[in-house]
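Put together the whole structure using the sequences plus the hints.
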Amino acid sequence: ESSLKVTGVDFLQSQNSRQHHTDGYNTRSLVVRRGQPFLVQLSCSRELRAADKLSLRFGIGENPVKNKGSLLSLRPEREDFNGWKVSVVKKNGRECLLSVTSAPYAAVGKYNLHVKTGTNIYKPEDGVIYLLFNPWCEDDVVYMANEDQRKEYVLNDTGYIYVGSANSIYDRPWNFGQFEEYVLDACMYLLEKSKLSLTDRRDPASVSRAMSALVNANDDSGVLMGNWSGNYISGTSPMDWIGSVTILQKYYKTKKPVRYGQCWVFAGVLNTVMRCLGVPSRCVSTFEAAHDTEDNLTVDVYVNERGEKLNSLSFDSVWNFHVWNDVWMKRTDLPEGFNGWQAIDSTPQEQSQGLFQCGPCPVKAVREGDVYLPYDGKFVYAEVNADRVYWRVVKVNGKEKYYKIGTETQSIGKNISTKAVGQNRRVDITREYKYPEGSREERMSMQRAYSFIRPSGLMPRSGYASTIQTASASTQVVVPKESLSKTGLHLEITNTEALYPGNPLEMAITVKASTPGNWTVDLTGSCQLQYYTGNVQANLGTIKETIKLEGTPEMQVPLKIAPDAYMKALSSLEGEVLILVTAIAEVKETNEKLTKETSMRFEYPPITVQMPETAKLYNDFNCAFIFKNKLNVTLENCKLLVEGLGIFKMTTFDQGDIMPGRIMKSEIICTPTRLGEKKIVAKLISNQIKGISAEKAITIT
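In the numbering used here, the protein residues as written are 1 to 701.
No lab work stands behind these hints, which were simulated from the structure alone. Keep in mind that the hints are not guaranteed to be accurate.
[As the list claims (entries may be wrong)] Below are the DSSO-like pairs computed for lysine-lysine, each with C-alpha atoms no more than 30 Å apart in a straight line:
(1) 593 x 486
(2) 151 x 85
(3) 588 x 544
(4) 512 x 593
(5) 195 x 85
(6) 696 x 616
(7) 596 x 378
(8) 90 x 5
Structure below.
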């Protein structure tokens, strides 16, 4: 009797990928999700009979072997080890249709399929199958029940990253592009590079932790090199990216770290990687994020006698914003109650277990103060809950003395933001990370966190009494109300005119007293330029005034900076710059001190994108980008960056200098290669301005 030979394998790609929500991936190989059946059609030398020995062999890694679990040998109609199974759907002459279901806890990665019949082994030409996590499968730990959420957090390849400062948040469009060419291969390369065991590859917690380490170049020559120096000459400035695609493609091609990233770039790329692997993921921006290096939940800010913030003294810092990611999963390694969103962060800030990696840390653990849970709970808790303590540095007989001038207990971790599901708007998720300030739950959460964080011997948060029981070594933190001030003094900092580069910066400090009386207030105010990491780059000006509040509840003191005082500094700085105003008020009669700081961002004229609302697949259409320089300054070395996923690759236009009042217009001919709603993203950068973004959607039919 002639032995059975397999002569061909059809992976039925279009049918399988539709079923598995993987039809977006730009690859010739089959991409499927775990725990869900897919079909394979075999062509044989003769009809398949009951006595024939047929097995599908799935191998993962370099040298797959059965006893290590890296080689799965599956015979039809038998539940195999590791929870995989194969069944015959139908036989039709020499053709045989098989259904393969992987285990919902299978290791994710790149498998090779060989078909064994008797002693014959058939190796298909492209026998590669990519197996991903499956948020559509109830038995997968990344299961997400809501279809709109799955569309947003797994399938949406565009989005926004929120940046700016707490009182002027804006959206930066970002192309995640998890389906673009070579992006999946880059993610598979990172999985191999992670050296995770097969057991760890089943677990999204281990995979996301490893990816948070590999997206930064520290320790492991990962994807992106961080750079906050302001000098990006040997690479691309972090401001010049508009998406993850170019970065991951370049990394996959060269296998060398791409230069350079800052937090939103790290978060954008990590979001692409997690969505690409099938783990629901979102970018999360926190405004006024603490970087507390001493683990004591306070960040010290030092100012000189003119009220200007000093960089040099503090290792702690408060970033105007910081962006990380949340990934969605059941945490089988933790007690009940910590499933759902988990924070991970690939910006290299601090080492965790010897590597620059962070998370996954359950967002619920941050809210409840359970900061001892893995991983990195203390670090994430401090980012959103630390206090800011202000110190004035005064030189007395050549020695520096430090005077405490104020504590802010509610200024850190504000406006925690992410993109809304299915809508192009910001949604505030602060309540997922923290209870309302001052609520009973917040107090209990804080006491819990303090019992794990506070090193012994340190004074508890100022304004709170502490009772130490000598019987036990533990410090109990009692949280009474903060002592109320006699004057009810309150400071507000605002801009009175739009903050356009090239115009005077017109701002005001408002001093209010809620208790009537005659108060004399010494007010110091300073204006500086700083990077988003809180690093001061230029001192622009200060004011010092004594004001009398006599029966009047408030008084406004102007602070004005002329263009010559800041334009030179602004043009020479690489990176996005914010305006920092610090105010210090001291009431003579009561000796009460109060500090307030506010960061504001510059405002810019818009870019307009002109194109049709719909276009047909593979039919060319025209797209124009128009920008009018309404500023009083020439914008030097202008570059226009544009990208449209499924429409055209990232393109850069050099625009030279754009004088005040001039109009720039660039056109591009687009050929759509994919159906559905697509977006075109544009960004203009120059010496004076580091990023005016615009985007427009088009429906491809």
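- Task: Verify the proposed pairing of residue 151 with residue 85, using a straight-line Cα cut of 30 Å.
- Result: Judged against 30 Å, a Cα distance of about 28 Å means the pair holds.
- Straight-line Cα separation of residue 90 and residue 5 no greater than 30 Å? holds (18 Å)
- When you check the alpha-carbon spacing of residue 596 and residue 378, does it fall within 30 Å? Answer holds: residue 596 to residue 378 is near 26 Å, not above 30 Å.
- Item | Restraint status (C-alpha distance of residue 696 to residue 616 at most 30 Å) | holds (17 Å)
- Message: Hinted pair, alpha-carbon criterion (30 Å max): residue 512, residue 593. Please report holds or violated.
- Response: Holds. Residue 512 to residue 593 sits at ~13 Å (cutoff 30 Å).
- Query: Is the hinted pair residue 588 and residue 544 satisfied, with a Cα-Cα distance of at most 30 Å?
  - Reply: OK: residue 588 and residue 544 at ~15 Å, within 30 Å.
- When you check the alpha-carbon spacing of residue 195 and residue 85, does it fall within 30 Å? holds (27 Å)
- Query: Does residue 486 lie within 30 Å of residue 593 when you go C-alpha to C-alpha?
  - Reply: holds (11 Å)
Checked against the numbered hints listed earlier, the structure breaks none of them; every hint is satisfied.
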